[in-house]
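One line per chain: the protein sequences are W and L, in this order. Here the numbering used here is used: position 273 in the first sequence is 273, and no number is missing along the way. Here the numbering used here is used: position 313 in the second sequence is 313, and no number is missing along the way.
Think of the hints as simulated: they come from the structure by calculation, not from any bench.
Below, in silico cross-link-like pairs of lysine-lysine (DSBU-like), each with a Cα-Cα straight-line distance of 35 Å or less:
{"no.": "1", "chain 1": "W", "residue 1": "Lys37", "chain 2": "W", "residue 2": "Lys55"}
{"no.": "2", "chain 1": "L", "residue 1": "Lys120", "chain 2": "W", "residue 2": "Lys294"}
{"no.": "3", "chain 1": "W", "residue 1": "Lys297", "chain 2": "L", "residue 2": "Lys120"}
{"no.": "4", "chain 1": "W", "residue 1": "Lys85", "chain 2": "W", "residue 2": "Lys55"}
{"no.": "5", "chain 1": "W", "residue 1": "Lys96", "chain 2": "W", "residue 2": "Lys18"}
{"no.": "6", "chain 1": "W", "residue 1": "Lys96", "chain 2": "W", "residue 2": "Lys55"}
{"no.": "7", "chain 1": "L", "residue 1": "Lys289", "chain 2": "W", "residue 2": "Lys124"}
{"no.": "8", "chain 1": "W", "residue 1": "Lys408", "chain 2": "L", "residue 2": "Lys96"}
{"no.": "9", "chain 1": "W", "residue 1": "Lys220", "chain 2": "L", "residue 2": "Lys124"}
Now for the letters of each chain:
Protein chains: 2
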Amino acid sequence: MAKRALIGDLEALLGAGKVLTEPEDRAAYSYDAAVVKPVLPLAVVRPETEEELGKVVAYCHRQGIPLTVRGAGTNLSGGTVPHEKGIVILTGKLDKIVELNPEDMYAVVQPGVITANFAKAVEKEGLFYPPDPGSQAVSTLGGNVAENAGGLRGLKYGVTRDYVLGLEFFSAEGDLIRTGSRTVKCVSGYNLAGLLVGSEGTLGVISRIILRLIPYPAAKKSMMALFSDLRSASETVAAIIAARVIPATLEFMDRFTIDAVERFSRAGLPGDIEAMLLIEVDGHPAQVKDEAEKVEKICRDCGALKVRVAENEEERNRVWEARRSALSALAKLRPTVVLEDATVPRSKIPEMVQAIQDIAQEYKVQIGTFGHAGDGNLHPTILTDRRNHDEWRRVEGAVEAIFEAALKLGGTLSGEHGIGIAKAPFLHKEVGRGSIEYSRRIKRALDSRNILNPGKILWLEGSGGE
Amino acid sequence: MAKRALIGDLEALLGAGKVLTEPEDRAAYSYDAAVVKPVLPLAVVRPETEEELGKVVAYCHRQGIPLTVRGAGTNLSGGTVPHEKGIVILTGKLDKIVELNPEDMYAVVQPGVITANFAKAVEKEGLFYPPDPGSQAVSTLGGNVAENAGGLRGLKYGVTRDYVLGLEFFSAEGDLIRTGSRTVKCVSGYNLAGLLVGSEGTLGVISRIILRLIPYPAAKKSMMALFSDLRSASETVAAIIAARVIPATLEFMDRFTIDAVERFSRAGLPGDIEAMLLIEVDGHPAQVKDEAEKVEKICRDCGALKVRVAENEEERNRVWEARRSALSALAKLRPTVVLEDATVPRSKIPEMVQAIQDIAQEYKVQIGTFGHAGDGNLHPTILTDRRNHDEWRRVEGAVEAIFEAALKLGGTLSGEHGIGIAKAPFLHKEVGRGSIEYSRRIKRALDSRNILNPGKILWLEGSGGE
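Let the sequences and hints guide you as you build the complete structure.
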């Protein structure tokens, strides 16, 4: 379809102010946070109501125009990179918390609500929405659902999937589909919300989300433990779980990352440590006290050089500052950052960290590793310069080697960043061709014209993406 | 296909000992726990390995023979009633706990493992598998996954769906599909496990399940509170949640049920009470103490006539005896029991209980109501005699009226029993035709010959089931 006609149609449908067509607008929405090739969309639209959203989807279906829905564009696997013959739909104006029900502990939201804003609104009611992806200050709940976003609290509190009670979404044809309920228990029909979660916008366009909430924990306690060797840190993680303590967060940083953080923030971290654990327990005050003491003792018993327990909110913030600045600190070192999220069963973390260090040596690339030790979700972060072709080829080799290592240890390619474009060619190594074929049958049945974020996730050698 | 040829083929495939064909065998597997018409299958097979299970599925696909997988047959919506031209596949011999990993807190099981046996095995490791459907002493984990089974702990601990990390299942063609992981975080490809959970055997035949485990709660405390009126009991439930206490179980029984229990077990319950709450809090000992005190105070403040706190395990058992015998006690009163599971947001329980009482009067039927007040999942239980045609018509009217009442209050037709055959004609009232059409497209794409438990869930007026 001619671009001019498309833009005319969209303007007629939504009003001219909601259709962005200037080169700079299209460029702004041609990429996301993954290191993949940007693609200019034909146009960008910003619907302001759920009805307008549905109209755009129906229009795209009639005309066979690919559409990519975009929240904040923080995607780390290229899932929000549009199609060259398609449009981008922004959800930023669909940002209402439709209902926040403390009595029945659920909320109904539009997809454009920002994660952290939602968490704050919920907290005011004494309630808690645990999923906290790294990008929560800007990421949207719609994006979180489409990607099944994780965060620091996966071990104790699960991921986005565990909080989605129901959805309203538009099918490829633009028909409104309802699924799920405002209740924890609902088995009325297929669990379509379960299918849509993590499907990266390839099966429907989300217009409303029903989220489960839980009581806000009454108390929290944080601590930082420093280790002179990796194995002691790993043994500490295993010993904490073996003691049946499930921290709300149990984070890990390797020496390379610690050094980068120290250079970046001068936080006063000692230079002779190989690994750091950042731990927070939460819950009933007596439980928190008990668990914090247990964890501190375990850290010391496992050989921690130093354990720093935060005694107040200010000290707690200082503990987490190091973790929060990890990615920024690493990103300062080189022009291009490739942030991976290979995940292994937590007991395999020592092997996985070792494997990553070996891979860094073998491929002669710099890798800093930090992440969620509690749930086995590590973030090996490769520092490079995409313009250096020789180095980039080695980076690609290292990434593939990291995938292989995670799978060999019984893990997964992606814990929380999605498959998108970046990992699509590798998916078959984890789930097998059968699982991809099965998924493609679903995709074809639900999106016969292949307009819903085409080319993402379902890629097969020999037949490519669809 | 001729029955004799079918049996010959199955015997050749599995060995004669694994194929049951006698009329009494076929009759034994012609019905489940729902009040629906029994259907005799052509044959019943009992595969002993996952490989044999896959072979049977592939054979059925080649020959176009409908198959219904059956665990313990405790289904309450007719989901395990076979097709008249189909076979029943029993999972009883696929009962291995393949792996129980305390370090990484997951287990891998075959579908025929009995729920309570699994819970016990897990408990020995200091771990907890919370879903506890009423039939857990005989129900299987495969059935629990296929139905997304709930139980008493939904409010605090969620339902089966919340513990399924991954699946292996056979597609309609008999190809083995793997999905999910041994980690809490996994976004590699579509969440097929999420789609399969609660799909009642219509999309695949489950051969392995990866289940998430959590630490076993260190302490528990139970109590029973008696009320002279319904509203006080309901206000108590609301006040407990408003105090941000989330009990592990928060059960309700109405007067009719209490009377039946008293007649059945002579437990010494007073005769002048209208409602009873059974409450258990669990977790850290200090938290349990605090919460039990809070709950007791709330019960008294809301006007409980009597609160009995269990001081030891024996007293705790006595508290729960009344609840455990509720269904048996009601079932003794009349020849036929229709156990419903309409669910509403918990704040709507007073309206829902009132609506059920009004419906009992209007349709002149006996209804005892008990169930999971904490998560809004009530079990209105209609006592009748199916052979009495006039009364049965009134029962059918009452059931439909209960569905309407639940939906009007923002609830769902089925919290945990499934749609199956019994509720299929009503599903569209909850999710709309669009959602059913969308689901049928998935079903058609994945089961082109419609052999996987056909006729369940997806029924539309005008076009019937598929």
